[in-house]
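Now for the letters of each chain:
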Amino acid sequence: DAKTTQPTSMDCAEGRAANLPCNHSTISGNEYVYWYRQIHSQGPQYIIHGLKNNETNEMASLIITEDRKSSTLILPHATLRDTAVYYCIVRVNYGQNFVFGPGTRLSVLP
Amino acid sequence: GAVVSQHPSWVICKSGTSVKIECRSLDFQATTMFWYRQFPKKSLMLMATSNEGSKATYEQGVEKDKFLINHASLTLSTLTVTSAHPEDSSFYICSAFRDFTDTQYFGPGTRLTVL
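Respectively, the protein sequence lines represent chains A and B. Each position in the first sequence, counted from 1, maps to that position plus 183 in the working numbering. Each position in the second sequence, counted from 1, maps to that position plus 232 in the working numbering.
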């Protein structure tokens, strides 16, 4: 089973920041948080991952709370092409297998 | 970098035939690749873990004789759906684990339709 919970769906206005939350209250100290997204009928696309520090790349920012029980993926200026299902995944015990939950369906509205 | 390809992108076959799907890591080597299937409006379900040079590890409930996996090189894994039936129709997605970035990268998926 996935170790994360996410809202089923969210809407965001085009050009605004999209903030996608994820709860992972049972996360262990050595488990990373990964984010992927899947646009309809395509394979998942890697976005970002982190352990405890906040991370930023060209796609998004990842904010992890100090207790590491939750995190937020931030898309700073959402576009229509960011409409997708976003998956938050906790990587268990250095394993290479990632368990996908149902994710959050983000709709970016014009 | 970190590109994974799949071939074919879609396939339609008759019931009882076998279908082979290829997964390639184009710009990195992967000792471990994964095969998932996804039904409409559902999340990805792991079918098996493919390790280069050894037998694949199948998830509970996945028939190893029906879904044959071969990981013959560090850049290629294949999934063969043997004696396909309509209930095998699905979206099959592979991924490759890249040690350098500690991350899985996914292929674009293969849509299989069995008539």
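Possibly wrong hints are sitting among the right ones.
[Claimed, not checked] The calculated DSSO-like cross-link candidates involving lysine-lysine, where the alpha carbons are at most 27 Å apart (straight line), are:
# : chain 1 : residue 1 : chain 2 : residue 2
1 : B       : Lys-274   : A       : Lys-186
2 : B       : Lys-274   : A       : Lys-252
3 : A       : Lys-186   : B       : Lys-252
[Said to hold, decoys possible] Simulated restraints, written as ranges between beta carbons of each label pair:
#  : chain 1 : residue 1 : chain 2 : residue 2 : range
4  : B       : Lys-274   : A       : Gly-278   : 18 to 28 Å
5  : A       : Thr-239   : B       : Asn-302   : 19 to 29 Å
6  : A       : Gln-225   : B       : Thr-249   : 40 to 50 Å
7  : A       : Gln-228   : B       : Ile-244   : 40 to 50 Å
8  : B       : Asp-334   : A       : Thr-188   : 48 to 58 Å
9  : A       : Pro-293   : B       : Thr-249   : 42 to 52 Å
10 : B       : Ser-247   : A       : Arg-199   : 31 to 41 Å
11 : A       : Ser-224   : B       : Leu-258   : 19 to 29 Å
12 : A       : Glu-197   : B       : Lys-273   : 23 to 33 Å
13 : B       : His-317   : A       : Pro-259   : 44 to 54 Å
14 : B       : Val-235   : A       : Gly-278   : 17 to 27 Å
15 : A       : Pro-259   : B       : Thr-249   : 44 to 54 Å
16 : B       : Asp-259   : A       : Pro-204   : 29 to 39 Å
17 : B       : Lys-274   : A       : Ser-290   : 12 to 22 Å
[Said to hold, decoys possible] From the structure, some residues in chain B lie toward chain A, with a derived Cβ separation under 10 Å:
#  : residue
18 : Lys-252
19 : Glu-254
20 : Thr-264
21 : Cys-326
22 : Phe-332
23 : Gln-336
24 : Gly-341
25 : Thr-345
The hints are simulated quantities; they were obtained by calculation from the structure and are not laboratory data. Keep in mind the model is a prediction, meaning the values are calculated, not measured. Just so you know, even glycine gets a beta-carbon here, dropped at the ideal spot from N, CA and C.
Against the structure, the hints come out as follows:
1. B:Lys-274 with A:Lys-186: 17 Å, holds
2. B:Lys-274 with A:Lys-252: Answer holds: B:Lys-274 to A:Lys-252 is near 25 Å, not above 27 Å.
3. A:Lys-186 with B:Lys-252: Status violated; Cα separation ~33 Å.
4. B:Lys-274 with A:Gly-278: 18 to 28 Å: 22 Å, holds
5. A:Thr-239 with B:Asn-302: 19 to 29 Å: Given range 19 to 29 Å: violated, Cβ gap about 40 Å.
6. A:Gln-225 with B:Thr-249: 40 to 50 Å: 26 Å, violated
7. A:Gln-228 with B:Ile-244: 40 to 50 Å: 26 Å, violated
8. B:Asp-334 with A:Thr-188: 48 to 58 Å: Violated - the Cβ-Cβ distance for B:Asp-334 and A:Thr-188, about 24 Å, lies outside 48 to 58 Å.
9. A:Pro-293 with B:Thr-249: 42 to 52 Å: Because 45 Å falls inside the window, the suggested range holds.
10. B:Ser-247 with A:Arg-199: 31 to 41 Å: 49 Å, violated
11. A:Ser-224 with B:Leu-258: 19 to 29 Å: Distance hint for A:Ser-224, B:Leu-258 holds at roughly 21 Å.
12. A:Glu-197 with B:Lys-273: 23 to 33 Å: Holds, at about 24 Å.
13. B:His-317 with A:Pro-259: 44 to 54 Å: 47 Å, holds
14. B:Val-235 with A:Gly-278: 17 to 27 Å: 23 Å, holds
15. A:Pro-259 with B:Thr-249: 44 to 54 Å: Given a distance of about 48 Å, which is inside 44 to 54 Å, the answer is holds.
16. B:Asp-259 with A:Pro-204: 29 to 39 Å: 33 Å, holds
17. B:Lys-274 with A:Ser-290: 12 to 22 Å: 18 Å, holds
18. Lys-252: Violated, because the Cβ-Cβ distance from B:Lys-252 to chain A comes to roughly 18 Å (cut-off 10 Å).
19. Glu-254: 14 Å, violated
20. Thr-264: Hint holds; B:Thr-264 Cβ to chain A Cβ min 5 Å, cut 10 Å.
21. Cys-326: 8 Å, holds
22. Phe-332: 13 Å, violated
23. Gln-336: 6 Å, holds
24. Gly-341: 5 Å, holds
25. Thr-345: 13 Å, violated
Against the hints set out earlier in the document, violations occur for numbers 3, 5, 6, 7, 8, 10, 18, 19, 22 and 25.
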